[in-house]
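We have chain A already, so just place chain B on it with the hints.
For the record, the sequence lines run as chains A and B.
Sequential numbering from 1 applies to the first sequence in the working numbering.
Sequential numbering from 1001 applies to the second sequence in the working numbering.
By construction, these hints were calculated from the structure, which means they are not laboratory data.
Keep in mind that a hint or two might mislead.
With a Cα cut of at most 30 Å, we get these calculated BS3-like pairs of lysine-lysine [claimed, not checked]:
no., chain 1, residue 1, chain 2, residue 2
1, A, 31, A, 93
2, A, 158, B, 1184
3, A, 155, B, 1184
4, A, 31, A, 83
5, A, 2, B, 1184
6, B, 1092, A, 43
7, A, 2, B, 1031
8, A, 83, A, 116
9, A, 116, B, 1184
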Amino acid sequence: MKRQPIILTVLALLLMGAGTMFLANHQKLQKLGIPGVRVVEAKIYDPDGNVAGEQKVPLPDRVLDYESKDMPIQHEVLNWLPKDTVYGQKMYKAEDDFSIQVNAVLMGSDRTSIHKPEYCLQASGFGNQRQQEETILVEEPHPYELPVMKMLTTKTVKLENGGTAEISGVYVYWFVADGELTATHGERMWWMARDLIFDGVLQRWAYISAFSVCLPGQEEATYERMSRFIGAMVPSFQITTGPPVTLARNP
Amino acid sequence: MPTTLSQSHRPDASPGFREEFAELWRSLPHKGPFFVLLAGWVLLFHFLGNSTLGYVESSSLFQWLDYVYSQSTDDDHGYFIPLVVLGLMWWKRHRLIAVAKRPWWPALLLVAFSLALHLAGFMVQQTRVSVVGFFLGIYGLMGLLWGYRWMANTFFPFFLFAFCVPLATLSEPITFPLRLLVTKITGFISETGLGIAVVCDGTRIYDPAGSFQYEVAAACSGIRSLTATFALALIFAFVLFGTWWKRIVIIASAFPLAVAGNVFRLSMIILAAEIWGQSAGTYVHDNSWLSLLPYLPALGGLFLLSHWMREKDPGEEPRQEPGNLMAGAQQKA
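Just chain A, same shape as in the assembly:
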């Protein structure tokens, strides 16, 4: 056999060997970033009352006139997401029974903890999703505009009398990491890739969402109410803030 194919084969094998060594050790070169939300040592439970985790994102017990109740993490979620995912989940209810469910999902070393909300919504029977980017004013620790994605969705429900009715859902979500805030998956993934390649830091992203149902036609009023709630809730557990904005206040 001529020498050239042997030389090329050896060179290619050396390339593969170098790649293998790099991949086998790359995690030692990576640093896990700091989360953009608080994390506390506290137990979190599944629907059967079993401990599902030893850490959680501490959502506040009370926001404005809303009281809260801890929600268990569903088995499907626990089985689906990586084991080092940290959760926070509460149902908030106002005096007029208006309720908002808030979820916080914080990734560990695996970005697949952060998933698209469409999966969960569709699994719950909500379809016809339309979304647009919005901002919500948060006033503490300084005024800033929180970028969020507002998603409107619908679901047909069966009534007791056998008929059907349609309900609307308003779903608001955003992503937060150390020093980063965004409402879009694309930006989150790009920033994560950028920091991994240039700084060797794996950004530790959290996905925060708020969901409320309403009658068709009341979506905007529901969103306004959720915005006030989110603006009041966020400072209690979110460390990362946005650039300060100047508010126009009445003298």
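For chain B alone, coordinates are given in the frame of chain A:
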């Protein structure tokens, strides 16, 4: 005494699959080094191919692909693409046998680039990037030992491996506008063509009386038929046509044909619902055979277009059989 010709020398005997495969196999030089490199490449991607362990707890790129394909019908064509590529390479076997093959060192740069793609995809936990690196690397390994002429002649169908990259979960920028477009066109056809009054609200279609209501969900966006039609259009373009502008026309026709196919299916659902009620429309939607309706206009359109633009003898040159050569020589005489 007449001479008895052996099978291989009889003018009317075509070589069988075994003989042709053996001829193709013999024409490939440096098989040992190639398969050593291929084995090493596959093992690399099996043991260090995937860094996202959330959905499937395996470092194997192939297990990740199997999981992703099994989760979405919009991606499960990935299982069949390797068979299609091998089949088309077999279709091109005469050309591949004839092409000169010798090592070509610049292909090592492609192998290095492919490896770099995989390292980047692994580090940033984007396994799709590693999938691209995997197939590109195999292309590079072939070029390394068989040369640039081999690479040029296998570009088609090798590029069809692009369809092995699962994109269903990233296709929202395409599927949502598709859903809106299909809803609008279906509403227009229902009103003006079928005389059925419907209301289109975003991706929902319903009749004003409330007797039926449907949503053009993501699964009905037509992305599946678009992918299939696009893949077929690519194959038609390269198998049936040698002229580049005709290839472009065939490939570009995939989008309108796929939309037409989806509109056709939705219109049949609306028609059934109008005549027999919501349950009839749901039956048309859910029935496995009737769910193939989008492919009728799409495939029919591709075949028709190909027939109109057909070229004389565009593809693989026919193998020169000994009998043909002798007949040709006799005619000339």
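Hints and how they fare:
1. A:31 <-> A:93: violated, 40 Å
2. A:158 <-> B:1184: Holds, because 28 Å separates the two Cα atoms, which is no more than 30 Å.
3. A:155 <-> B:1184: holds, 21 Å
4. A:31 <-> A:83: Roughly 19 Å between the alpha carbons, so the hint for residue 31 (chain A) and residue 83 (chain A) holds.
5. A:2 <-> B:1184: Violated, at roughly 65 Å.
6. B:1092 <-> A:43: violated, 63 Å
7. A:2 <-> B:1031: holds, 13 Å
8. A:83 <-> A:116: This hinted pair holds, its Cα atoms lying about 18 Å apart.
9. A:116 <-> B:1184: holds, 27 Å
When the structure is compared with the earlier hints, violations turn up for hints 1, 5, 6 and for no others.
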